[in-house]
Structures are given as structure tokens and as C-alpha cells.
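Colleague: Line by line, the protein sequences give chains L and U.
Residue numbers for the first sequence follow this note's numbering, so the first one is 1 and each next one is one higher.
Residue numbers for the second sequence follow this note's numbering, so the first one is 1 and each next one is one higher.
None of these hints come from the bench; they were simulated from the model.
Idealized CB from N, CA, C, for every residue including glycine.
Mixed in with the good hints, there may be bad ones.
Said to hold, decoys possible - Derived Cβ-Cβ restraints for the label pairs, each shown as a range: (1) 15/U x 60/L: 18 to 24 Å; (2) 117/L x 103/U: 38 to 44 Å; (3) 42/U x 81/L: 20 to 26 Å.
Letter by letter, the chains look like this.
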Amino acid sequence: MIAGILLLISFLNPIFQRYYPKIFTGNYFWDPILGALAGSVAFGIPVTSYIAGGELLQKGVSLLAVTAFILAWATVGLAMLPIEIKFLGRRFAILRNGLNFINSIVIAILVTIILNFL
Amino acid sequence: MKVKKIPNQWKFLIVVAAIYLTAFWLSEDFFWLAMGDFWKTLEKVLPIIGLVFFIMFFLNLFLNPEIIKKHLGKDSGWKGWIYAVIGSIAISGPPYVLMPMISDLRKHGMKTELAAVFLSNRSVQPVFLPVMAHYFGLTYAILVSFLIIIFSVWNGWVVGKYCE
């Protein structure tokens with residue numbers, strides 16, 4: 001199962017990474033949602049998301065989008081859903097992932113607002 | 001004659017292998033790019049898998065159901081939440097490695113909400129903090145980590161309420 005998941009992630013990542021700069025345009029409403037969506041699809045070790053997010057930030061992508069992206073990357077996982085359902089149950093997996101998706105967006109907005117005040 | 005059912009994990013692996021074979025047929029370059037990424041990830045993940053299995057071994061060796069129930073079980077109280085947050089920060093690893101471990105802990109009496117806390121704090125890892133600070137600044141790294149912990153508790157509370 002682990003090998004299958006790793007193979008799937010390695011297959012999906014190059015496809016989606018190519019489109020990240022086109023997806024994030026800097027819109028304050030859509031960026032955190034799109035960031036969280038992209039992060040949910042691309043699942044992996046958190047440090048990879050920091051590097052990818054940092055690079056996107058340097059390319060001009062908004063902090064809102066990048067924050068939601070790195071948070072969803074680590075805590076929401078569509079590719080991991082079958083394994084989470086298997087080990088922890090369907091209701092647990094769907095609810096936890098759904099809440100973390102929303103949390104990614106809320107935290108991204110809060111971080112941007114707080115940093116603007118600091 | 002009774003036909004043996006193929007386990008779901010094998011079905012999943014067969015589907016992924018079919019995707020890779022199709023990719024090889026469509027674009028050999030993309031196939032090797034994905035395979036290269038797979039090997040790199042595997043190299044990074046193997047030591048973590050080893051560490052987590054090592055931790056699981058010791059968990060099973062020293063932690064009996066009574067200890068789990070006391071610290072992370074139904075009667076663990078507010079201290080259980082603190083143990084869960086600290087544990088999730090201290091034990092880092094990919095979810096496909098952490099999930100069997102958490103499932104094992106739940107079988108020993110771990111509360112559902114604390115299992116959710118464990119999986120929601122994956123971004124807060126002291127080992128990775130310098131990388132985050134390098135790209136986003138130290139203030140950002142501390143602020144994000146703090147908010148993740150707060151929201152993981154909220155997440156755990158809601159999951160526990162609806163899944164217990």
C-alpha cells in the first residue's frame with residue numbers, strides 16, 4: 001500500500017506542479033481556496049511544501065494562497081483518503097480532512113491579517 | 001470452487017501500475033520523471049518508516065492499554081490533549097506510516113479526538129522549522145505553528161463529537 005501511495009503521489013505531483021503558477025493569480029478570495037485545493041491534491045512530506053510554497057511566493061503568488069497550500073498539503077490528503085478510511089474509519093477520515101481543508105483557509109487569512117498588523 | 005478475493009491494497013497497486021504503464025506508452029520521459037520522484041521520496045521516507053516502526057515496537061513493548069487509557073484515553077482529561085499535541089509534534093512522519101500507529105493506539109484506548117489532533121499537527125515540526133523560517137521568516141513560522149496547534153485542538157474536538 002505504501003509503495004502504491006508513493007507511486008501515485010510521484011505521478012500526480014509533476015502534473016499539478018506545472019500548473020501552480022497559472023492557478024494562483026493573487027486574488028484574495030480565490031487564492032486561499034485554490035491554494036487549499038492544490039495542497040489537498042499534492043500530498044507529501046511537509047518540508048517539500050515549504051520549498052514549493054517558498055518558490056511560488058518568490059514567483060509572486062500571494063501569501064494567502066501559499067499558506068493555505070502548505071497547510072492543506074500536510075493535513076488534507078485526497079490520495080491518502082483510502083488508507084485513512086481503512087485505518088481510522090470513513091466518518092473520521094472525511095470529517096478530519098474536511099475540517100482541515102477549512103482550517104487551512106481560515107489560518108491563511110488569519111496569518112495574513114496578523115502579519116499586516118505586526 | 002471458491003475464488004479468493006484480491007485484497008484492496010493489491011487492487012490499488014495494480015491500478016497504479018496500470019497508470020504507470022499507460023504513462024510509459026504515452027510519454028517515456030514523464031514515466032521516468034515520476035519514477036525518479038518516487039525513488040527520491042522512497043529514499044527520504046524509508047528512514048522515517050524505520051523510525052516509526054521502531055517507536056511502534058517500543059510502544060507495544062512498554063505501553064499497555066492501561067497506560068494509554070490513562071494518558072490518552074477517555075479519562076485523560078485536559079492533560080491528554082497536551083500529550084497528544086506534544087506527541088504529534090515529536091513524532092513526525094508521513095500519514096501512511098502514522099495512521100497504522102494511531103490505529104494501533106486507538107485499539108489500546110486512545111480517544112478519537114486525540115487521534116485527530118495527532119494528524120492535524122503534521123506541519124508543526126521543529127526539524128522543518130528552519131526551512132519554513134528561511135522562506136517565510138521566523139515570525140511567520142512561529143505564528144503559523146501556533147495557529148495550527150490551536151486549530152488542531154478545535155479539529156479534534158469536532159471530530160470527537162461526531163465520531164465517538
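Colleague: Now look at each hint and say whether the structure bears it out.
Modeller: Each hint, compared with the structure:
no. : hint                      : result
1   : 15/U x 60/L: 18 to 24 Å   : violated, 38 Å
2   : 117/L x 103/U: 38 to 44 Å : holds, 42 Å
3   : 42/U x 81/L: 20 to 26 Å   : holds, 21 Å
When each numbered hint is compared with the structure, a violation occurs for hint 1 only.
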